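The residues making up each chain are set out below.
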Amino acid sequence: MYAYDELDRTLVRERVEEFRDQVRRRLSGELTEDEFKSLRLMNGVYLQLHAYMLRIAIPYGTLASDQMRMLAHVARKYDRGYGHFTTRQNIQYHWIKLEQLPDAMADLAKVGVHGIQTSGNCIRNITTDQWAGVAPGEIEDPRVWAELFRQYATLHPEFSFLPRKFKIAVIASDNDRAALRIHDIGVRIHRNSSGEAGFEVMVGGGLGRSPFLAKTIKPFVSRRDILSYIEAILRVYNQYGRRDNIYKARIKILVHELGIEKFAAEVEDEWQKIKDGPLALDEIVIADIRSRFTYPAYEKQIDNPPELKAAGSDARFEAWRRNSTSHHKVPGYAIVTISLKETGKTPGDATAEQMDVIADLADKYSFGEIRVGHEQNLVLPSVAKRDLPALWRALDAANLATPNVNLISDIIACPGLDYCSLANARSIPIAQEISRRFANLETANLIGRLHINISGCINACGHHHVGHIGILGVEKNGEEFYQITIGGKANQDAALGTLIGPAVPYAQVADLVEDIVEAYLSLRLRPDELFIDTVKRLGVEPFKERVYATH
Amino acid sequence: MTSPLEQKKLKIAGPHVVTANRTGDGAVIWRTANKLWSTNLSDAAVVRNSDDARALWAEAIADDVGAVGSYVAPVQVDAAGIIAPGNLRERIRVTGTTIELPVAV
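First to last, the protein sequences are chains A and B. Per this note's numbering, residue 97 is the first one in the first sequence, and the count goes up by one each step. Per this note's numbering, residue 260 is the first one in the second sequence, and the count goes up by one each step.
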């Protein structure tokens with residue numbers, strides 16, 4: 097966990113009071129909506145179909161148990177008893193009242209949580225690997241760098257009014273669990289041939305109506321230079337990014353139109369001017385940030401404790417253990433993913449009661465720490481293996497032990513037309529229906545790893561372009577239709593999916609997904625050839641032929 | 260459902276109402292014939308041509324303190340005068356999400 101200092105706490109408290117005054121003036125008519133809109137957006141307050149929505153940043157997806165309890169409290173007191181974890185490691189409340197927002201924000205501020213920079217054309221919440229700091233083989237904890245970038249980006253005057261929003265992700269592992277290549281800037285910590293740790297910098301990724309995967313702009317940037325290099329990218333974007341057309345304003349368009357070589361040359365020119373200035377990082381600064389992270393006092397544990405062996409005879413526990421726990425860097429510990437994808441429920445939603453349960457379990461079994469992943473699941477990062485049976489029983493009692501992580505029902509879905517004012521079509525009921533169709537665990541395991549991502553409009557909050565199966569809701573003559581892509585992926589081999597055929601109406605989407613899966617099962621070479629590998633081997637055509645023959 | 264945020268030129272055919280969200284709590288509201296807002300669609304003033312729609316909308320926009328994000332939305336009116344939402348988006352705003360919420364209200 098990172099311990100915020102008094103400067104951070106003061107900043108958040110002052111922002112709450114500033115916003116309280118802005119709300120007062122809005123409600124009294126001193127501020128028009130035109131004047132107020134940009135102020136509320138700077139604090140993460142949107143207007144959606146039914147109500148205001150408050151988006152709260154969870155920096156690099158790390159939450160302390162007391163912060164989770166406060167999220168539960170806000171859900172209970174100011175909203176409708178639940179929250180929605182998003183693909184950007186944030187949480188959203190969908191029924192919040194403007195009149196109560198300052199009080200809700202004041203409560204959140206008590207635990208250092210806020211909505212600053214969760215909207216607007218600024219640098220948004222810095223995201224990372226939800227297994228940061230505990231994943232085996234990781235070079236170092238990428239959250240140290242994410243925190244550095246957060247401090248740098250917070251209220252940065254030069255980058256508070258960029259041409260468009262700006263998303264940065266950082267990882268320190270060969271396995272990309274943070275979807276780096278769909279970010280405006282992706283940063284991967286790795287070692288060069290001399291063994292020195294530094295950064296591969298990728299730029300120009302993003303989804304939406306013009307999807308692009310980020311391209312590597314510089315394979316190795318030293319620790320000293322990473323901040324100045326990022327600033328050089330931001331400056332070039334700020335200068336040349338389009339402000340005349342919102343659909344062409346993201347950095348991905350600039351990189352695409354200039355070409356990566358020309359863009360890189362512009363960045364290099366800018367960087368040479370600033371690299372030896374104040375942004376050149378001193379190791380003391382990095383060490384200071386690192387010192388503010390506290391790490392668990394791991395105990396010596398045996399890797400196969402008797403508690404685990406004894407519970408192994410329980411088929412339900414074993415199914416969950418195999419599916420939802422992963423190797424930890426410390427022997428005797430496991431990383432536990434808590435699925436927020438209960439069959440027939442809304443992906444990413446957690447009730448206040450569930451949040452409280454998770455906070456208590458984090459305290460009891462995971463050093464008080466919780467993570468949020470971009471797949472809309474939660475993680476208890478450090479659980480002693482001897483505690484897994486007891487943890488599972490408690491999670492199961494709270495409907496938090498669905499053993500479907502990375503399986504077909506572990507669906508990413510945006511709020512869609514049920515909540516969102518931008519959406520053209522519903523996402524959640526599609527996800528719910530698919531999860532019901534594949535609720536049988538034996539079937540889901542037979543299919544194996546398969547990611548379905550659903551967006552209710554072209555803005556692609558549900559990351560449909562990088563779903564193994566991507567589903568995009570569109571409108572056709574007032575009716576909901578859905579375009580289906582296959583072959584997308586968001587990991588270290590990121591790819592954009594390919595359209596499989598004409599859009600189908602709402603009622604046919606789940607059938608079509610079933611047909612795609614049937615086609616896969618008959619086309620795969622072996623039971624362990626994953627869906628995504630079969631698509632890569634065969635392309636879209638065999639799927640198209642089989643699926644559209646029946647639609 | 261084309262988002263009303265993209266509603267630029269106002270040209271309507273058939274019955275329409277003006278809707279918005281209430282500033283204080285975000286509740287869905289409709290403009291009434293007596294220049295007020297109601298949380299019941301059945302109270303909404305129904306307009307049937309572009310001039311009337313523009314006038315009703317202008318009146319709604321003028322109430323910047325009471326309402327936010329107003330726009331003109333299609334409705335259906337049956338023989339008995341019962342007003343129903345004209346598309347799925349508006350139906351969801353009237354009846355709520357099409358999914359069960361995690362916590363019953």
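It should be emphasised that the hints constitute simulated quantities derived from the structure, not laboratory data. Don't take each hint at face value.
As the list claims (entries may be wrong) - When the alpha-carbon atoms are kept at most 25 angstroms apart in a straight line, the in silico BS3-like pairs for lysine-lysine are as follows:
no.: 1; chain 1: B; residue 1: K294; chain 2: A; residue 2: K572
no.: 2; chain 1: A; residue 1: K344; chain 2: B; residue 2: K294
no.: 3; chain 1: A; residue 1: K371; chain 2: A; residue 2: K358
no.: 4; chain 1: A; residue 1: K632; chain 2: A; residue 2: K311
no.: 5; chain 1: A; residue 1: K460; chain 2: A; residue 2: K396
no.: 6; chain 1: A; residue 1: K425; chain 2: A; residue 2: K371
no.: 7; chain 1: B; residue 1: K270; chain 2: A; residue 2: K371
no.: 8; chain 1: B; residue 1: K268; chain 2: A; residue 2: K133
no.: 9; chain 1: A; residue 1: K193; chain 2: B; residue 2: K294
no.: 10; chain 1: A; residue 1: K396; chain 2: A; residue 2: K133
Please read these numbers as outputs of a predicted model, since none were measured by experiment.
Okay, the hints, checked on the actual structure:
no., hint, in the structure
1, B:K294 with A:K572, "violated (35 angstroms)"
2, A:K344 with B:K294, "violated (40 angstroms)"
3, A:K371 with A:K358, "holds (19 angstroms)"
4, A:K632 with A:K311, "holds (21 angstroms)"
5, A:K460 with A:K396, "holds (17 angstroms)"
6, A:K425 with A:K371, "violated (35 angstroms)"
7, B:K270 with A:K371, "violated (55 angstroms)"
8, B:K268 with A:K133, "holds (22 angstroms)"
9, A:K193 with B:K294, "holds (24 angstroms)"
10, A:K396 with A:K133, "violated (53 angstroms)"
Violated hints for the displayed structure, listed by number in ascending order: 1, 2, 6, 7 and 10.
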